Amino acid sequence: MMEWPGLPSSVINSGLKRPSEILKLMGGTRVYNMQAQGATGEALNWDPLGRDSTPGIDDCPLHDWTKLEPEVNSPDADEAPTYNLHSEAGNFECSVSGLRWVCKEKVSFKYQFCSWEGIMERMESLQYMPAGPLMDITVIAGKLDEAYLPHWICIDDNPKILDKFAVLHIGDCGDVVEKVSEVTSSHVKLSEPFFSPRAALMKMGLPVKIGCQVLIYYISKSSFLRLHVYLIPHDHGLQQTVDKKKEKQGYKRIEKPRPDKYLKMQQGFKLAATINMAKILPEKITLRYDSQDPNFYEVNIENPDTNFQLTLSPFNNKKGEPQCEPVWICEIQKVDYQNSADSQAATPSAGATGVNTGADGKHFVDKHRIKLIERVSNIAIILDELLYKDVIQQETYNKIRVLPTSQEKMRELYSGPLNAAGDCKDIFYKIIEEKERYLVDELKKKE
1 MMEWPGLPSS VINSGLKRPS EILKLMGGTR VYNMQAQGAT GEALNWDPLG RDSTPGIDDC
61 PLHDWTKLEP EVNSPDADEA PTYNLHSEAG NFECSVSGLR WVCKEKVSFK YQFCSWEGIM
121 ERMESLQYMP AGPLMDITVI AGKLDEAYLP HWICIDDNPK ILDKFAVLHI GDCGDVVEKV
181 SEVTSSHVKL SEPFFSPRAA LMKMGLPVKI GCQVLIYYIS KSSFLRLHVY LIPHDHGLQQ
241 TVDKKKEKQG YKRIEKPRPD KYLKMQQGFK LAATINMAKI LPEKITLRYD SQDPNFYEVN
301 IENPDTNFQL TLSPFNNKKG EPQCEPVWIC EIQKVDYQNS ADSQAATPSA GATGVNTGAD
361 GKHFVDKHRI KLIERVSNIA IILDELLYKD VIQQETYNKI RVLPTSQEKM RELYSGPLNA
421 AGDCKDIFYK IIEEKERYLV DELKKKE
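Counting in UniProt numbering, the sequence shown runs from 1 upward without gaps.
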């Protein structure tokens with residue numbers, strides 16, 4: 001018989017096995033060791049595929065991971081996108097989230113990144129903090145025999161923290177914090193691969209380093225450039241929250257590489273720019289994860305006329321001591337913050353051969369015709385915008401609207417207005433850049 005250490009005998013004898021069922025009987029949020037044990041009390045390192053498996057810090061040496069790119073659906077601009085994955089039998093990793101799974105048959109599932117808003121406070125009351133993105137996973141068909149959630153904690157120089165990891169499971173009856181059966185340098189293994197919102201956790205109060213992202217947003221006016229620069233954990237859910245907020249404020253994101261090093265939590269960092277006119281506030285920001293509305297550096301530069309670098313360094317205000325070496329450097333080029341209006345003003349022919357045309361001379365809308373027809377989902381809003389901007393007339397709008405599927409509506413657009421002048425394609429591109437942003441970003445990366 002399997003044992004669950006720490007549970008009352010009334011629960012053990014109840015015959016319940018799933019954490020959600022146990023929680024319903026117990027009530028409230030609990031922390032349990034959900035790792036199965038044998039009669040000797042030693043952990044059972046059971047492998048569903050019949051191989052030896054020993055908990056440790058090796059990066060899953062038993063598996064050769066095949067990376068798969070998910071299909072991204074964004075039915076509503078205000079909702080988090082859904083990532084869909086389909087695989088045959090084997091060992092796989094999602095190229096977006098880093099989620100890993102092992103299956104012995106065909107499987108289909110989807111997931112969304114979730115906000116830690118509200119949940120973070122509940123975890124703090126249990127002395128835990130987020131250690132990875134919160135993901136809501138739903139299996140559509142088949143079965144996942146193993147699943148590994150990504151985490152952003154550096155364990156290489158601190159192996160003592162391995163037993164401080166846990167996994168959050170949010171069920172209908174509340175929160176369950178489970179002990180993990182295995183920790184690797186980048187993932188935690190789920191002891192039971194059934195799903196709901198799930199995430200890796202870490203016990204609070206420990207000095208840890210984490211993987212981070214630097215998000216850069218800009219507004220370019222005629223007389224100045226303003227940047228908002230965020231230093232956050234490598235959390236796609238938080239990034240999506242910040243993206244939406246900045247987009248509503250009129251900012252656009254500049255894509256730059258993230259820091260290559262793990263950074264220390266609760267460490268202060270200073271942002272600097274290699275251009276004299278730059279004014280940067282605040283002087284220091286502390287790396288923490290306690291809010292879905294993180295602090296940011298504001299950089300103001302009057303009349304920038306050259307490329308410049310941004311550098312991020314550990315903050316040191318002790319007099320007489322040398323400044324710390326930068327942990328991240330990026331170059332901001334003029335092309336990064338020149339908006340389309342600037343480009344069109346400088347280049348009269350930009351409508352046909354401007355920023356939406358690749359090096360091969362093909363317009364983005366033409367180059368990705370098949371994928372756009374297949375995957376554009378916000379077609380009703382796009383038609384409204386095209387009508388408002390006089391790209392299509394009311395008669396065409398009514399004709400397309402009654403077509404039964406998004407694919408047929410897109411094909412009709414391609415046979416009409418999108419088969420015409422480049423101006424119509426430019427307007428359509430700007431609309432889908434806003435309404436289908438995740439799809440457009442994905443297609444851009446493939447160019």
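Simulated from the structure, these hints should not be mistaken for laboratory data.
None of the values given here were measured: they were computed from a predicted structure.
For each residue, glycine too, the CB sits at the ideal point set by N, CA and C.
Be aware that one or more of the hints could be misleading.
[As the list claims (entries may be wrong)] Calculated cross-link-like contacts (lysine to aspartate or glutamate; reagent style DMTMM-like; alpha-carbon spacing at most 25 Å):
no.	residue 1	residue 2
1	Lys270	Asp260
2	Lys179	Asp157
3	Lys256	Glu93
4	Lys367	Glu331
5	Lys246	Glu433
6	Lys221	Glu255
7	Lys279	Asp243
[Unchecked claim] Label pairs and their in silico Cβ distance ranges:
no.	residue 1	residue 2	range
8	Asn317	Asn276	35 to 43 Å
9	Glu117	Gln266	20 to 28 Å
10	Asp64	Ser415	44 to 52 Å
Would you list, in rising numerical order, the hints stated earlier that this structure does not obey? 4 and 8
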